[in-house]
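Colleague: Chains A and B, in that order, are what the protein sequence lines are.
Under my numbering, the first sequence is numbered contiguously, ending at residue 252.
Under my numbering, the second sequence is numbered contiguously, ending at residue 203.
Treat each hint with caution, since some may be false.
Partial selection, computed: residues in chain A whose CB lies under 10 Å from chain B [what the hints assert, rightly or not]:
1. LEU195
2. ILE199
3. ASP221
Hint data in this document are derived by calculation from the structure and do not stem from the laboratory.
Just so you know, even glycine gets a beta-carbon here, dropped at the ideal spot from N, CA and C.
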Amino acid sequence: MLAKRIIPCLDVKDGQTVKGTNFVNLRQAGDPVELGRAYSERGADELVFLDITASHEGRKTFASMVERVAATLSIPFTVGGGINELSDVDRMLSAGADKVSVNSAALRRPELIDEITTHYGSQVCVVAIDARQEADGQWQCYVNGGRIPVGKGLFEWAHEAQERGAGEILFTSMNHDGVKTGFANEALRQLADNLTIPIIASGGAGTMEHFRDAFKLGHVDAALAASVFHFGEIEIPELKRYLQAENISVRL
Amino acid sequence: MNVAIVDYNAGNIYSVIHALQRLGVEPVLTDNAELIQKADKVLFPGQGEARQAMQYLRSKGLDQVIRNLQQPILGICIGQQLMCRHSEEGDTACLGIFDVEVKRFQPQRHEDKVPHMGWNSLEIIKNEKLKDKSELFKGFEGGEFVYFVHSFYVPQCPWTIATTDYIQPFSAALHRDNFYATQFHPEKSGSVGEKILRNFLDL
Chain A
1 MLAKRIIPCL
11 DVKDGQTVKG
21 TNFVNLRQAG
31 DPVELGRAYS
41 ERGADELVFL
51 DITASHEGRK
61 TFASMVERVA
71 ATLSIPFTVG
81 GGINELSDVD
91 RMLSAGADKV
101 SVNSAALRRP
111 ELIDEITTHY
121 GSQVCVVAID
131 ARQEADGQWQ
141 CYVNGGRIPV
151 GKGLFEWAHE
161 AQERGAGEIL
171 FTSMNHDGVK
181 TGFANEALRQ
191 LADNLTIPII
201 ASGGAGTMEH
211 FRDAFKLGHV
221 DAALAASVFH
231 FGEIEIPELK
241 RYLQAENISV
251 RL
Chain B
1 MNVAIVDYNA
11 GNIYSVIHAL
21 QRLGVEPVLT
31 DNAELIQKAD
41 KVLFPGQGEA
51 RQAMQYLRSK
61 GLDQVIRNLQ
71 QPILGICIGQ
81 QLMCRHSEEG
91 DTACLGIFDV
101 EVKRFQPQRH
111 EDKVPHMGWN
121 SLEIIKNEKL
131 KDKSELFKGF
141 EGGEFVYFVH
151 SFYVPQCPWT
161 IATTDYIQPF
171 SAALHRDNFY
181 ATQFHPEKSG
191 SVGEKILRNF
201 LDL
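Isolated chain B (complex conformation) (with noise of 0.2 Å):
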C-alpha cells in the first residue's frame, strides 16, 4: 500500500513513521502535491502552531491539494484542528473541511490543566450524518484510552464520531467522506492506537 505523509515542517513525524512501520506499511514522508494525490492513503499529521502551519501549507500549495483529496486521509492532532473551518490559535482560517471552529480550552476549575496531556477516554457516538459508528472504530466499544497533548479543541458538530471529556465533551474524532481526523495521537496510544490506525489502513 502507498501511503503518504504530509510532510509541512510540523513537529515529530518519527512516531508517525514508525506506529506504521509496526504495521508493516513503510511511508513517505513528502510535500510533493503529486506524491500525495497518487498515494492510497494520507496522513496529516503533527504538533505545532496553527498559524504557521497554515502559512506553510499555502506556500506549497499544499492546502488546495489536501481539500481535493478523494483517498482517506487521517488528520491528527493540529491535522485535525487545520481541517476546521478557523482556529483561535493566531486567529488563523484554517483548510474548511469541517465547518466548526477551533477553541482554546478554558480551565473551569483548578484541576484542569492546560495543555489536556495524557490518557483519556473514548466515547464513540452514532454520527448524525454517517447515522451509524465511524469504520475509524471497527471493534471499539467505548471506553477505550488514547493519548493527548494539545491546548486547543474542536467542538462537538455534526461531523463528530467521538468525544472525550476534558473541562467540556469535545470531539475527539471527526468523519466526513474521505476525510478523518483525530485529535489524540494514536500512533502514540498503544495496542488502541494501532487498531485505530489499521482501520484507517483496511478503509
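Isolated chain A (complex conformation) (with noise of 0.2 Å):
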C-alpha cells in the first residue's frame, strides 16, 4: 500500500539552516547537508529545502549546497525558494535535486507552471501555496511569505495548478502556522477530495495525532513540518509508528 509521506522542510539561508535544531552527533548542527542525512536516517520520507536568501551570492552558495545534497542523500527532495523562472529549475534539477516548488512567481505569471511541466513533466513541479482563512470563511491567496493578497481563492488556484499541470499542491495555512493546534483540515479534505494529484499538508503541527488528524481527516497525502522535527519535540521513528497503530500505511 502506498505509504504517507512525513517530510521535514529545512529553512536555509546563506548555506545554513535558519532554525536550532536538537539533534546531536552532528559535526555542524548548522550543515543542511548532515541534517538532511540525519533526517533520512531516522526515516524521513523526502526533504523540501527551501532557500530564504534574498542575495545573489546566497543564492550560489544554495545551488552548491543543493549538489552536496543530491550526492549524499539517497531518498527524494525538493527544493524552493527563488524559483522565478525556467532557467532556475534548470539550474536546481542540474544541481541534482529530483523536484522544485514554486510559490509566488507561479501566481504571478501562472504559465511557469506549464513551462515547467512542459520542459520536465509534471513530477518536478510542486506548486506551494501560502492562503489565509478570511474574516468571511474564504480563503485568500498571498505571496511574498505571505505578506501580500493577491484576490486569488485557494481551491480556485489549485484548481488552475493542477489544470497547467502541476504534480502536487503544497498547502500552507497561514492561519495554523506557527501555532501548533494542527493542520488545516477541512481545507485540505476540500483540496484532496477535488484534485487528482497529491496534496501535501504544511502549518501547524503540534503534536502527534494532528498528522494522524491530516491523513484522517484532512485525506492528504504527506505532511510536512519544520520546528516540531527541529527542535525534537517528535521523533520521526516514533511518529511513524504511532500512525501505523492508527492504521495509517506508512514506510517503517
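Fit chain to chain and form the complex, with the hints in mind.
Modeller: If you want it as C-alpha cells, here you go:
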C-alpha cells in the first residue's frame, strides 16, 4: 500500500539552516547536508530545502548545497525559494534536486507551471500555496512569504495549478502555521477530495495526533513540518510507529 | 568495474550516478554503442516520455545495441517500460525484450491519484520462468518500501519478479536472462535501493 509521507522542511539562509535543532552528534548542526542525512536515517520520506536567502551570493551557495545534498542523500528532495523562471528550475534540477516548488512566481505568472511541466514533466513541479482564511470564511492566496494578498481563492488557484500540470500541491495555512494546533484539515480535505494530484499538508503540526488527523480527516498524501522535528519535539520513528498503530500506512 | 549508463536525454540521471558513486563505482554516462557494449554492467534509467525516448534511441541505433546486450542491464522507471513490447504512452513500439504491453493507470476510486508517487511496498514473487526469486532481490523478504513516480505501469507477466499494489498489483520489477528492470527508483529508495543496486553490481 502506498505510504503516507512525512516530510521535514529545512529553511536555508546563506548555506546554513536557520532554525535551531536538538540533534546531537552532528559535526555541524547548521549544515543542511548533515541535517538532511540525519533526517533520512531517521526515516523521513522526503525532504524540502527552502532557500530564504535574498542575495545573489546566497543563491549560488544554495545551488552548491543542493549538489552536496544530491551526492549524499538517497531519498527524494524538493527545493524551493527563489524559483522565478525556467532557468532557475534548470539550475536546481542540474544540481540534482528531484523536484522544485514554485510559489509567488507562479501566482504572478501561472504559465511558469506549464513551462516547467512541459520541459521536465509534472512530477518535478510542486506548487506551494500560502493561503489565509479571511473573516468571511474564504481562503485567499498570498505571495511574498504571506505578506501580499493576490485576490485569488485557494481552491480556484489549486485547481488551475493542477490543470496547468502541477504534480503536487503543498498547501500552507497561514492561520495554522506556527500555532501548533493542528493542520487546516477542512480545507485540506476539500483540496484532496476535489483534485487528482497529491496534496501535502503544511502549517500547524504540534503533536503526533495532528499528523494522524491530517491523514484521516484532511485526506492528504503527505504532511510537512519544520520546528517540531528540528527541536526534537516529535521524533520521526516514534511518529511513524504511532501512525501505523492508527492504521495509517507508513514506511517503517 | 566498468559500468555504463545509457545517455538518451531522459531526465534526471544525476541521482543514478550519485547512487553508484556511493557504492564505490564511477560510471560512464554515454550514448556510444561501443562503450555500452564493452561495459561489465549497463544501467538504463530515466524519466520522460516513451515516444520521444524511443525516437532518440532509434536515431542513435541504441535500440539494437540494448536488445543485443549479453551482460546484465538494469532498466529503471521509463527504462523498464521501454524494455517492453509496446506502451500506451504515445502508442509507442518499444524494445520488445519483455513481451508485454505498458498501460496507463486508470483510477478506480478518488484516492487513486495519478501519478503513483511515493513509497510503496514490494512483494517478491517466485518467478515462474526462473522457478525462484531473482538474484536482484537477494536478501529480501518482501514488504520493503521503494520509491515510485510513474503514470504508466507494466501489468503482471511471466517475467515479473516483484509486484506492488496500486489500483491493482503491477510489475514492480522484471527479469529475463541478462535483462533486469525496476519500475521504482532504487537510486532514490534509501538503504533498500542501495541493496538492489549492490545486488545488480554483484551479478
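Colleague: None of the hints should be skipped; say for each whether it holds.
Modeller: Hint by hint, here is what the structure shows:
no.: 1; hint: LEU195; verdict: holds (8 Å)
no.: 2; hint: ILE199; verdict: holds (9 Å)
no.: 3; hint: ASP221; verdict: holds (7 Å)
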